[in-house]
Amino acid sequence: MSIGVRFIERYQAGSSLVHSADARLKLLLTVAYIFAVTLTPVGHWLAFGLLAAPLAIAAAASRLPALLILRRSALALPFIVVAVPLLFTKEGDTLFTLQPFGWTASEEGLTAVLTILTKSWLSVVAAVVLTATTPALELLRAMRALGVPRILVATVSFMYRYLFVIADEAQRLLRARDSRSARLEGRRCGGSVWWRARVLGHMVGSLFLRSYERSERVYAAMQARGYDGEMRFLRDSVWRLTEIVVAVALVLYVTGVQVYARY
Amino acid sequence: MHATKARAAVDTAIGIADLRFAYPDGVQALRGVDLTIANGEKVALLGPNGAGKTTLLLHLNGILRGKGDIRIMGRRLNNGNLKHFRAQVGLVFENPDDQLFSPTVFDDVAFGPIHMGLPKDEVLERVRLALAQVGMAGFEERLPHHLSLGQKKRIAIATVLSMSPAILALDEPFSSLDPSARRELIHLLQALPQTMIVSTHHIPLIRHLFPRTVVMDDGRVVADGETEAILADAALLEAHGLEIF
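In the order they appear, the protein sequences are chains A and B.
For the first sequence, the positions run 1 to 263 when this note's numbering is used.
For the second sequence, the positions run 1001 to 1245 when this note's numbering is used.
To give an idea of the chain B side of the interface with chain A (calculated C-beta under 8 Å), a few residues:
no. : residue
1   : Ile1063
2   : Phe1093
3   : Asp1097
4   : Asp1098
5   : Phe1111
6   : Gly1112
7   : Ile1114
8   : Met1116
9   : Gly1117
10  : Thr1159
No lab work stands behind these hints: they were computed from the structure.
Backbone N, C-alpha and C fix where the C-beta goes; we use that ideal spot for every residue, glycine too.
Start from the sequences and build out the full structure, keeping to the hints where you can.
Rendered as structure tokens:
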């Protein structure tokens, strides 16, 4: 069994339109979309609504379970924590005062926080839809085809390949520990917290060392087969006309929303 | 009748009835395993890759929990008493690098006893004894990752011997060992008094060590009997991807 496959793999197999679309197209559109969302002026709710529409359509067309998208989009939550201080630091009309500290929340601050939340959530949902409908390998090929530096693509592809190996290795270490974590009748077991923390620390350390040593072996094996830094793939796909039309239409739409929001 | 039953319970080290297990990805690894091993028996577990040998061994101390009945030394394994059995069944993993996760040999061999909450003198005594039993006395302060594979395997066995188990479950202990390290390990296993269940592909070794052999394939026990009889059955071995050479 591999815990890796269950916890790391993001791709959800499916046969929807979104699944079968060209990975380059999906990647390009996602990046363009995230740019557009990021550039939208603060507090322009109508623009955000207009931007959310194509994403909602894509999410619905992908036939991914809504719950899955929501759960994965929780990744955006940490941004709220970072954004919350804005509520009190922005100057503007007073909303309320946090008594013991005397901090004053402003309406402008609230708008800023909500905007950051909306932007990060929309961006994360777009990325979730992309990764859930595109196999990782396709995504890597798309990155390379779109001119992402090869060192970056290679790094991501190795991470993807060996995360599974390392997760399995971690699982085996944990199993070995559990196998020797025994209880004797009538005795307090488990050792001290400090001792357990130390054991865990050593396990993490040995996992790192092994991964590092493995990377050297992998690299040697790759060099032995003539690796020069470029991953080459056999299949070259061609752009389909409909996909280009969809891409152009979406980019125009998103740009239109931007123009509308600004002028 | 009752007397026989009670006697059987005491004499049986491992009793498995209709054990079934599927991994979360849907692979059915065990499809109804029945196996009884008497106290003091030394049993070889033979089978091709993917037969379910490791999965079966991982059930003996409750690391994996399948459907079915498992009794160790007459007591039924359930979710509440798992940790009790981890001291009774010493499970040694195939790759000693998985088993040895501590910075020094001493820390690794002492892990089990410390976790059991034993007093310091007893921990020291158990570590000393376990290392002496595997012929590695004096290696306490060595770093596990600087030892040879044969030494690592013996330390791995010491890490469970220090917990004084009644049963040893070894997963592929002979894999990747050179002939002399293999011979040393055979002598060690012959000398240990515990009930033993040992998975292996290495057919020539089975003759030396194990009077009884259990053959597994595709999640089932397909043969169980005297080692000589099973090794003489070339058709059986070939049918399950095993051969004598």
